[in-house]
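Asks: Listed below are the residues making up each chain.
2 protein chains.
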Amino acid sequence: MKFSRNERISVLTKILLDNPDKIINLNYFTEKFNAAKSTISEDLVILKEAFSKFNMGKVETIAGAAGGVKYTCGINKTGAKDFIKNLCGMINNKERIIPGDFLYITDLMYNPLVIKEAGLILASVFADKGIDYVVTVETKGIPLAYEVSRMLGVELVIVRRENIFSEGSTVSINYVSGSTKILQTMTLSKRAIKENSKCIFIDDFMKAGGTAAGIINLLKEFKSELLGIGILIDNVQSKEKLIKDHVSLVDYNGFNEEGDISVTPSKFIQNL
Amino acid sequence: MKFSRNERISVLTKILLDNPDKIINLNYFTEKFNAAKSTISEDLVILKEAFSKFNMGKVETIAGAAGGVKYTCGINKTGAKDFIKNLCGMINNKERIIPGDFLYITDLMYNPLVIKEAGLILASVFADKGIDYVVTVETKGIPLAYEVSRMLGVELVIVRRENIFSEGSTVSINYVSGSTKILQTMTLSKRAIKENSKCIFIDDFMKAGGTAAGIINLLKEFKSELLGIGILIDNVQSKEKLIKDHVSLVDYNGFNEEGDISVTPSKFIQNL
Chain A
1 MKFSRNERIS VLTKILLDNP DKIINLNYFT EKFNAAKSTI SEDLVILKEA
51 FSKFNMGKVE TIAGAAGGVK YTCGINKTGA KDFIKNLCGM INNKERIIPG
101 DFLYITDLMY NPLVIKEAGL ILASVFADKG IDYVVTVETK GIPLAYEVSR
151 MLGVELVIVR RENIFSEGST VSINYVSGST KILQTMTLSK RAIKENSKCI
201 FIDDFMKAGG TAAGIINLLK EFKSELLGIG ILIDNVQSKE KLIKDHVSLV
251 DYNGFNEEGD ISVTPSKFIQ NL
Chain B
273 MKFSRNERIS VLTKILLDNP DKIINLNYFT EKFNAAKSTI SEDLVILKEA
323 FSKFNMGKVE TIAGAAGGVK YTCGINKTGA KDFIKNLCGM INNKERIIPG
373 DFLYITDLMY NPLVIKEAGL ILASVFADKG IDYVVTVETK GIPLAYEVSR
423 MLGVELVIVR RENIFSEGST VSINYVSGST KILQTMTLSK RAIKENSKCI
473 FIDDFMKAGG TAAGIINLLK EFKSELLGIG ILIDNVQSKE KLIKDHVSLV
523 DYNGFNEEGD ISVTPSKFIQ NL
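Listed in order, the protein sequences are those of chains A and B.
Read in order, the letters of the first sequence correspond to residues 1 to 272 in the numbering used here.
Read in order, the letters of the second sequence correspond to residues 273 to 544 in the numbering used here.
These are computed hints drawn from the structure, not numbers from a lab.
Among these hints, one or two may not hold up.
Pairs of lysine-lysine residues, derived as BS3-like cross-links and limited to a Cα-Cα distance of at most 25 Å, are as follows [to be verified]: (1) B/Lys495 x B/Lys466; (2) A/Lys116 x B/Lys342; (3) B/Lys401 x A/Lys58; (4) A/Lys14 x B/Lys349; (5) B/Lys349 x B/Lys286; (6) B/Lys274 x A/Lys14; (7) A/Lys14 x B/Lys357; (8) B/Lys462 x A/Lys94; (9) B/Lys325 x A/Lys48; (10) B/Lys304 x A/Lys14; (11) B/Lys470 x A/Lys116; (12) B/Lys320 x A/Lys32; (13) A/Lys198 x A/Lys129; (14) B/Lys513 x A/Lys116; (15) A/Lys198 x B/Lys388; (16) A/Lys116 x B/Lys286; (17) B/Lys320 x A/Lys53; (18) B/Lys304 x A/Lys81; (19) B/Lys466 x B/Lys401; (20) A/Lys22 x A/Lys48; (21) A/Lys48 x A/Lys77; (22) A/Lys129 x A/Lys194; (23) B/Lys353 x A/Lys32; (24) A/Lys14 x B/Lys294; (25) B/Lys495 x B/Lys388; (26) A/Lys58 x A/Lys129; (27) A/Lys198 x A/Lys116; (28) A/Lys267 x A/Lys239; (29) A/Lys70 x A/Lys129; (30) B/Lys286 x A/Lys77; (31) B/Lys330 x A/Lys116; (32) A/Lys239 x A/Lys223; (33) B/Lys513 x B/Lys453; (34) A/Lys207 x A/Lys239; (35) B/Lys401 x A/Lys129; (36) B/Lys320 x B/Lys304; (37) A/Lys14 x B/Lys330; (38) A/Lys58 x A/Lys116; (39) A/Lys2 x A/Lys32; (40) A/Lys190 x B/Lys366.
Since we're looking at a predicted model, the values are computed, not measured.
Let the hints inform the model, and build the full structure from the sequences given.
Replies: Quick look at the structure:
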């Protein structure tokens, strides 16, 4: 059975998008499409061009025996700015203010339409850095962290707040929350991370960064390194952060008596 | 700026895959590609054919003023069977047996390559049923449930084990675990689900189904209905389930003294 170029282009697009950061050998495609290598190579030239013109990420061909084609996620900068501006508008709604001066953002954190876009922006920051794991702490940041791990094609690691029987031997550390000064525990199965791994930490919200600082210490127990921190909403009322560097998408600066919530695209987004 | 048919086909494929179950008006594409409606319609005929030939789901055009094009996820049955067979092979490894006769499967539950495929199979069961929410209970099933919600284009709802300050007023119910007979609590923010919604429950592992039965009761508090249950691994040692119907992908039937783990594709998968 033979297929038209248009059909191959559609299927190739799907396969590449489904396999970020994986080198796919061209033989896989020549067999799937019953086509010559030269034909597939021409298809890939077209794809490279289309992905580049529409800011859909990068398609590269890698020469040699272990070579093939690789897709890396990427963003449309204007689209990303517009998305974050819209997200700020969605957050700035006084009905989100709940007793205890918290902001209800759970609906956004669990909405695939929001998380897909936010995850793509954060993943593109850490793409091509040779990340082994995306790490998060349960619960609210899990969809975002999963989305980033999906886009980077690496495993997700979820640190737990308490010991879980079904995870075998665990490593636990204590850490002090930067904002409330309360002592807390985080726990991770010994099997979860191989030694000498490169990790990033992804979370939905950051205040003083106590959790992120805890993650750095936890990763030391696994002889592994934290290469970066990506946060959706940064509470910039907490000026003194316990960690040095992080990338955030939205700056949150509290709300006034009228219920106007101060929420703006972060410097990182503004400078895209 | 004009684009070639091949370029449009690649970008159209990505946009459809990114927007499952959403009707996209053709005007969106005519503007994006600076092309006539008839041209886009021809592109979509090619896409329909390609998606159908390669079992990538369904592309439909919907006539009328509110019409457009809609993509619904779908599976390649042979591919799904092969994937589940491989997954059973990955689970059947005696190093996964941990003290307390638990099975360590956390790495699989957090691996996007596994969860993407498993999520797609479960999503395709419930596609086109007009689902409003995908519901899960923290923590291990969250990536799977998120993936299903992503494929269905609906919001995810994560039920918590304890009360969370940042979620406002909550509804809590008590339920008895079907296997351990221990009384447990589940909690959900009042804002999480609108009344009269249709939900499905997705989880990584099921024993007697106590959690799923609890979810049915919790949803009643929201005047909402559970339309279906999708589980990755069904512990078939628990023969008397507390719930009537569920779809599972893998049957787990314990392990013997040699450490052979009995794990097979479920009847649902075998009958695909």
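Asks: Look at each hint and say if it fits the structure.
Replies: Do the hints match the structure? See the list:
1. The hinted pair formed by B/Lys495 and B/Lys466 meets the criterion: a straight-line CA distance of about 8 Å does not exceed 25 Å.
2. For the hint linking A/Lys116 to B/Lys342, the alpha-carbon distance of about 19 Å falls within 25 Å, and the restraint holds.
3. Among the hinted pairs, B/Lys401 with A/Lys58 is inconsistent with the structure: their alpha-carbon atoms are about 36 Å apart, more than 25 Å.
4. At roughly 17 Å between alpha-carbon atoms, A/Lys14 and B/Lys349 fall within 25 Å of each other, so this suggested pair holds.
5. At roughly 22 Å between alpha-carbon atoms, B/Lys349 and B/Lys286 fall within 25 Å of each other, so this suggested pair holds.
6. Only pairs whose Cα atoms come within 25 Å are accepted, and B/Lys274 paired with A/Lys14 is accepted, the gap being roughly 23 Å.
7. A distance of roughly 23 Å separates the Cα atoms of A/Lys14 and B/Lys357; the hinted pair therefore holds under the 25 Å criterion.
8. For the hint pairing B/Lys462 with A/Lys94, the CA-to-CA distance comes to about 17 Å; that is within 25 Å, so the pair holds.
9. Restraint check: the Cα-Cα separation between B/Lys325 and A/Lys48 comes to about 24 Å, which is no more than 25 Å; the hinted pair holds.
10. In summary, the hint linking B/Lys304 to A/Lys14 is supported, as the alpha carbons are separated by about 20 Å, within the 25 Å threshold.
11. Only pairs whose Cα atoms come within 25 Å are accepted, and B/Lys470 paired with A/Lys116 is accepted, the gap being roughly 23 Å.
12. Of the supplied pair hints, the one linking B/Lys320 and A/Lys32 holds, its CA atoms being roughly 19 Å apart against a limit of 25 Å.
13. Of the supplied pair hints, the one linking A/Lys198 and A/Lys129 holds, its CA atoms being roughly 9 Å apart against a limit of 25 Å.
14. Between the alpha carbons of B/Lys513 and A/Lys116 the distance comes to roughly 36 Å, so the proposed pair goes past 25 Å and is violated.
15. For the given pair, A/Lys198 sits about 23 Å from B/Lys388 by alpha-carbon distance, which is consistent with the 25 Å threshold.
16. With a C-alpha separation of about 13 Å, the suggested pair A/Lys116 and B/Lys286 falls inside the 25 Å cut-off, and the hint holds.
17. Annotation: proposed proximity of B/Lys320 to A/Lys53 holds, straight-line Cα distance about 24 Å (limit 25 Å).
18. As the CA atoms of B/Lys304 and A/Lys81 are separated by approximately 18 Å, the hinted pair is consistent with the 25 Å bound.
19. At roughly 18 Å between alpha-carbon atoms, B/Lys466 and B/Lys401 fall within 25 Å of each other, so this suggested pair holds.
20. For a cut-off of 25 Å, the pair hint linking A/Lys22 to A/Lys48 stands: about 16 Å separates their Cα positions.
21. Distance hint between A/Lys48 and A/Lys77 is fulfilled; the C-alpha atoms sit about 18 Å from each other, no more than 25 Å.
22. Using a Cα cut-off of 25 Å, the hinted pair A/Lys129 and A/Lys194 holds, with the two alpha carbons roughly 18 Å apart.
23. The suggested pairing of B/Lys353 with A/Lys32 holds, with an alpha-carbon distance near 18 Å, which does not exceed 25 Å.
24. At most 25 Å may separate the alpha-carbon atoms for a hinted pair to count; A/Lys14 and B/Lys294 meet this at roughly 18 Å.
25. At roughly 31 Å between alpha-carbon atoms, B/Lys495 and B/Lys388 are farther apart than 25 Å, so this suggested pair is violated.
26. Distance hint between A/Lys58 and A/Lys129 is fulfilled; the C-alpha atoms sit about 14 Å from each other, no more than 25 Å.
27. With a CA separation close to 23 Å, the supplied pair A/Lys198 and A/Lys116 stays within the 25 Å bound.
28. About 15 Å separates the Cα atoms of A/Lys267 and A/Lys239, which keeps this hinted pair within 25 Å; it holds.
29. At roughly 15 Å between alpha-carbon atoms, A/Lys70 and A/Lys129 fall within 25 Å of each other, so this suggested pair holds.
30. Between B/Lys286 and A/Lys77, the direct Cα distance comes to roughly 17 Å. Compliance with the 25 Å bound is thereby established for this hinted pair.
31. In summary, the hint linking B/Lys330 to A/Lys116 is supported, as the alpha carbons are separated by about 21 Å, within the 25 Å threshold.
32. Proposed proximity of A/Lys239 and A/Lys223 is contradicted: the alpha carbons are some 30 Å apart, above 25 Å.
33. About 13 Å separates the Cα atoms of B/Lys513 and B/Lys453, which keeps this hinted pair within 25 Å; it holds.
34. Of the pairs offered as hints, the one joining A/Lys207 and A/Lys239 holds, with about 9 Å between alpha carbons and a cut-off of 25 Å not exceeded.
35. With a C-alpha separation of about 41 Å, the suggested pairing of B/Lys401 with A/Lys129 is violated against the 25 Å cut-off.
36. For the given pair, B/Lys320 sits about 20 Å from B/Lys304 by alpha-carbon distance, which is consistent with the 25 Å threshold.
37. Note on A/Lys14 and B/Lys330: the hinted pairing holds, with a Cα-Cα distance of about 14 Å set against a maximum of 25 Å.
38. Our distance criterion of 25 Å between C-alpha atoms is met by A/Lys58 and A/Lys116, whose separation comes to about 18 Å.
39. Distance check on the hinted pair: A/Lys2 and A/Lys32 sit about 10 Å apart at the alpha-carbon level, within 25 Å; holds.
40. Of the pairs offered as hints, the one joining A/Lys190 and B/Lys366 holds, with about 17 Å between alpha carbons and a cut-off of 25 Å not exceeded.
In summary, the numbered hints that this structure violates are 3, 14, 25, 32, 35.
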